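*Asks:* Add chain B to chain A, keeping to what the hints say.
Below are the chains, spelled out letter by letter.
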Amino acid sequence: MNQLVTIESADRRFGWFMSAPTLALLLAVILFPVFWALFTSVHDYTLIAPDFDTFTGLQNYFSALRNSEFRHSLGLTAFFVFVVVLIEFVIGFGVALMLNSVNRFKPIYYGILLCPLLMNPVIVGLIWRMFLHPSLGIVNYLLSVVSIEPVNWLGSTNVAIWTIVMVDIWHQVSFMIVLLLAGLSALPKEPYEAARVDGASTFKAFRHITLPLMWPVIIVTLLIRLIFAGRPGDLDRPCQLFHLSEGVRQPSCR
Amino acid sequence: MASITLKNINKTYPNGVSAVHDVSLDIRDGEFMILLGPSGCGKSTTLRMIAGLESITSGDLLIGTNRVNDVDPAQRDIAIVFQNYALYPHMTVLDNLSFGLKLRGVDPTEISRRVQRTAEMLGIHPLFDRKPSQLSGGQRQRVALGRALVREPQAFLLDEPLSNLDATLRAAMRTELIKLHRSLGTTIVHVTHDQVEAMTMGERICIMKDGEIVQVGEPMDVYRNPVNTFVAGFLASPPMNLLAGHLEDAGDGAVKVLSGNIAFTIPSHLAKGFSSHAGKPVTIGLRSEDFYLSNGAAKHTVPVNVEAVTTEVLGSEVILVASTGGNAAAEIQVRMPRDFRASPGEKVALHFDLSQIQVFSTTTTRALPRI
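Heads up: the protein sequence lines correspond to chains A and B, in order.
Using my numbering, the first residue of the first sequence is number 1, and each one after it goes up by one.
Using my numbering, the first residue of the second sequence is number 1001, and each one after it goes up by one.
In short, the hints are calculated from the structure, not lab data.
Errors might be hidden in some of the hints.
Claimed, not checked - One side only, chain B facing chain A, incomplete, derived with CB under 7 Å:
| # | residue |
| --- | --- |
| 1 | L1047 |
| 2 | A1051 |
| 3 | L1053 |
| 4 | P1073 |
| 5 | A1074 |
| 6 | I1080 |
| 7 | F1082 |
| 8 | A1086 |
| 9 | Y1088 |
| 10 | H1090 |
| 11 | T1092 |
| 12 | G1100 |
| 13 | R1104 |
Here the structure is a predicted model, which is why all the values come from computation and not from measurement.
Glycine is no exception: its CB is placed at the ideal position from the N, C-alpha and C atoms.
Okay, chain A solo, but in the shape it has when bound (with noise of 0.2 Å):
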C-alpha cells in the first residue's frame, strides 16, 4: 500500500516535471502579459513617461467611453462579430448537413472547402481589394455584365461594412463546415434508424435528435467563432481589414 503511494506521488512529481516548461512559458505569454495590460490599464502610462507612478483607477475606461469615435468602433465591431458569427453558423452549418449525407468525393470537397482556410489573411485582404477594385475589379465587371451599377465597394460608408462581413465570411465560413461536420459525422447512425421507424420526418429528425445532440459541438464552435472574430488584439485581423480598406480610412470600417 505504502509503496503504491509513492509510486503514485512519484507519477505526480513527474508529471509536473514534464508540464513545467510549458506551465512556464504559458505563464510568460499569457498570463503575465494579461495582467500587465490590466495593470497599465488602471494607470497614467506612456511610452514616453513609462512608470506606474500615477494610478487612475478605471480613468482610461471611462474617457475611451466618452470618446464617441471608440463607442462607434466598438459598437461596430459587436455588431460585425455578431452578424458574421450568425451567417457563418447559418452557411457552415447548411453546408455540413448536405457534406454529411454525401458520400463520393469528400475528401475533394473537404480540400476546396479549406482553400480559403489555409491562405494568407493580408493575401485575402489583397485578393479582395483587387477583385472588388471599384473600376477595375471582377466583381464590377461581372455586375457590369448583367448591366448593374458599379458598386464602391470599400469607399462607401454604408457598403464597406458589409463588404467586410462578406470577404470574412468567405473565409473563415469553411472553418465553421469542418468543425460541424466532424460533429455531424461523429453522431450515432442507429437514433436516426430508430427515428424513421417511430415515424419522424426528416425535419423532425433534425428537430429532436441531430440538433440536440449536436449541442455541444454547436456552442463550442459559437465559442470559438466568437473569440476569432471579436479578437481585438489580433495580429492579422487589423492588416487585412487594413488591406481591404487602405486609402479609404472611413470611420465606418475602422
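*Replies:* Below, chain B alone, put in the same frame as chain A:
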C-alpha cells in the same frame, strides 16, 4: 396484427454485391419467426427490408395484404429493436418511450397510459428520469423493447436484441420474450445467430446462408431433419457429427455404412431412401445425444467403437470427444451421462440409435430421404 409475406425478395447493393437472393417466406399472423444464420448470411438485411430501412431491389413484400415495398418505414406500423438498442441518447427513458407516440400525435393521456403500462410490464418505471448512458445493458435492452411495445404495432422486428447481454441475462430475457409473445400474440420476427435462441424461442425457424433460405420449419423438425450438412452442422451445440464415408448395398434393401473404423448395416425398413445411393460417397450425420453406453437404450442400436481423446465435464453432462480411428479417422462429440469418465486413449464402446441417422450426399450436401 398481421402476417408478413416475402415473395422472391432480392437485395443487390449498388456495388453489385448481392446480399439477399430470391427469398420467399410466409410469416403467419401472430407467429414467432426466427431468422437464423451465421453473420453475413443476409438475415439482418432481410429484417431491415421488412422494416423499410433498406430498399428492396426486386420482389414483393406484403404486410397483411398490402404491398409495402415503397411504403415509408413509419407507415408500415412495425417496430424494431436494434442490436445496440439505438436509444435516443439525449432523452430520458420516459421520453424515449413516448417519442414515437408523440410523433404520431397520440393523445397525451393515452401516451402516459401506454407508457405506464409498458414500463410496469418490463419493470422499468423506476428508471423514467434516467438517460440511456446511466442504464445497464439489460436496462437499455428493456427500454428498447419498451419503446417498441408502446407503439402497439402490427409486428415486432428484433435484430439480435439479446446478443449484447451476458449469458444469465440473455437466458432470462429469452424467457421473458417468449412470455411477452404469448401474452401479446403479435407477430415477431427475431434475427439471431444463436441456435439456442432459435431453438427455444421460435415457433418456426428460417435458416439462411449466403443470402438464401436453406430451410424453414419448426425447431424440432429442423433439428431432427436438417435438409443439408450446413443446417446439420449449424444447429445444436455440440453440432451434429458429420463423417465422410460411403454406402454399400447389403442386399434385401439393407445398406451398409462405412466410415473409417465404423461399419454397420441399416436394416431395410430404415434405409429405403438410402439404397439408391449405394456405392456413392456420403456424409453421415450422427447427433451427439443419440449415442448410448448400453445397447438396450434404443430400439435399433449399432455398436460404434471409439477412442477417447478428451472429456469436457459440464456438470449436468459430459461431452466425450473421441476419435473413430482407422484410415479416415475423425473426431466426434458425444453427450454422456454426468458421471461418465474416460482417460485419453481409452477405448469406449458406444451404441448409436440407428433410427436417428442422417445421410447426406457428399456431392450435393443435401440429405437423402429415409423413405
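*Asks:* Does each hint hold? Answer for all of them.
*Replies:* Comparing the hints with the structure gives:
1. Because the smallest distance between the Cβ of B/L1047 and any Cβ of chain A comes to about 12 Å, over 7 Å, the interface hint for this residue is violated.
2. The beta carbon of B/A1051 comes within 6 Å of a beta carbon in chain A, closer than 7 Å, and the hint placing it at the interface holds.
3. The interface hint given for B/L1053 holds, since its Cβ lies 5 Å from the closest Cβ of chain A, which is under the 7 Å cut-off.
4. Here the hint on B/P1073 is kept, as its CB sits about 5 Å from the closest CB of chain A, short of 7 Å.
5. A least Cβ separation of about 4 Å between B/A1074 and chain A falls short of the 7 Å threshold, and the interface hint therefore holds.
6. The criterion of a C-beta within 7 Å of any C-beta in chain A is met by B/I1080, whose closest approach is roughly 5 Å, and the hint holds.
7. Taking 7 Å as the C-beta cut-off, the interface hint given for B/F1082 holds, the closest approach to chain A being about 6 Å.
8. The beta carbon of B/A1086 comes within 3 Å of a beta carbon in chain A, closer than 7 Å, and the hint placing it at the interface holds.
9. A distance limit of 7 Å between C-beta atoms decides the matter here; for B/Y1088 the minimum to chain A is near 5 Å, and the interface restraint holds.
10. For the restraint placing B/H1090 at the interface with chain A, the shortest Cβ-Cβ distance is roughly 4 Å, inside the 7 Å limit, so the hint holds.
11. Interface restraint check for B/T1092: the shortest CB-CB distance to chain A comes to about 12 Å, outside 7 Å, so the restraint is violated.
12. A distance limit of 7 Å between C-beta atoms decides the matter here; for B/G1100 the minimum to chain A is near 4 Å, and the interface restraint holds.
13. For B/R1104, the suggested interface contact is upheld, since its CB lies about 5 Å from the closest CB of chain A, less than 7 Å.
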